[in-house]
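Please construct the entire structure, taking both the sequences and the accompanying hints into account.
In order, the protein sequence lines correspond to chains X and R. At position 3 of the first sequence (counting the first as 1) the number is 2 in numbering that gives the first Met the number 0, and the numbers step up by one without a gap. At position 86 of the second sequence (counting the first as 1) the number is 85 in numbering that gives the first Met the number 0, and the numbers step up by one without a gap.
Certain hints may be false.
Identical copies look the same in the list; a pair holds intra-copy or inter-copy alike.
No more than 25 Å apart at the CA atoms, straight line, and that leaves these computed lysine-lysine pairs for DSS-like [claimed, not checked]:
id	residue 1	residue 2
1	K10	K23
2	K102	K112
3	K23	K80
4	K102	K12
5	K102	K29
6	K1	K102
7	K92	K11
8	K105	K80
9	K11	K80
10	K80	K1
11	K80	K29
12	K1	K112
13	K11	K23
14	K12	K112
15	K105	K1
16	K1	K92
It should be emphasised that the hints constitute simulated quantities derived from the structure, not laboratory data.
There are 2 protein chains.
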Amino acid sequence: MKVIPLDAVEKKKVNLEGAAGAWKQLPLGKEDGVPVYSYRVFTVEPNGHTPYHSHPYEHMNFVIEGEGVLVNEAGEESPLKTGDFALVSPGEKHQYRNSSADKDFKMICGVPKEFE
Amino acid sequence: MKVIPLDAVEKKKVNLEGAAGAWKQLPLGKEDGVPVYSYRVFTVEPNGHTPYHSHPYEHMNFVIEGEGVLVNEAGEESPLKTGDFALVSPGEKHQYRNSSADKDFKMICGVPKEFE
Numbered sequence: 000m001k002v003i004p005l006d007a008v009e010k011k012k013v014n015l016e017g018a019a020g021a022w023k024q025l026p027l028g029k030e031d032g033v034p035v036y037s038y039r040v041f042t043v044e045p046n047g048h049t050p051y052h053s054h055p056y057e058h059m060n061f062v063i064e065g066e067g068v069l070v071n072e073a074g075e076e077s078p079l080k081t082g083d084f085a086l087v088s089p090g091e092k093h094q095y096r097n098s099s100a101d102k103d104f105k106m107i108c109g110v111p112k113e114f115e
Numbered sequence: 000m001k002v003i004p005l006d007a008v009e010k011k012k013v014n015l016e017g018a019a020g021a022w023k024q025l026p027l028g029k030e031d032g033v034p035v036y037s038y039r040v041f042t043v044e045p046n047g048h049t050p051y052h053s054h055p056y057e058h059m060n061f062v063i064e065g066e067g068v069l070v071n072e073a074g075e076e077s078p079l080k081t082g083d084f085a086l087v088s089p090g091e092k093h094q095y096r097n098s099s100a101d102k103d104f105k106m107i108c109g110v111p112k113e114f115e
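Here you go:
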């Protein structure tokens, strides 16, 4: 059993190509003994975004705070706000963008632990 | 790809023995095509709780709002508040209790999809 506040988790800059103003935390992952899934948290600054890419595993999201958009394979944008859940299936091209001018966009992004 | 606000998800009373004042939503589950994991949300009313039990799969929690406690195998209570993550490993006896007198306690509880 483990309990950890998000604020106590180290925050690292995302250095992937195509990312801008994005930060990653790993509140529950392999080092904590998760059996199946890892919970990461991404914080995207105003005007920031994650890479527009695809990979063979899913994302399962919950928006903790802020406003953003989820871009799909066709380049269409779905709005995301606090309290929204989202599923990006394996192989789907996607990108998360902060759509606010002055507030961080923060979300849980769950993945199979092999890809944390 | 799917986006759904938590407020749009049907809420059902938890009728398990040992549960009181607890409600369940399933924003992302098997019907949505999740590959591995399901995200449920439990809302526990003031003075409410989930069963004190164990099972052969884990819980991965994020507290969306409110204040509660997570009871462990020894009966000890760990406080849980908005923004906290928690892991209950497979086989660990556990219970979630709302510790506030007047506010709901609401949390994500992720499980392997077979146990949603």
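Of the hints stated earlier, which fail here? As far as the earlier hints go, 2, 5 are violated by this structure, in ascending order.
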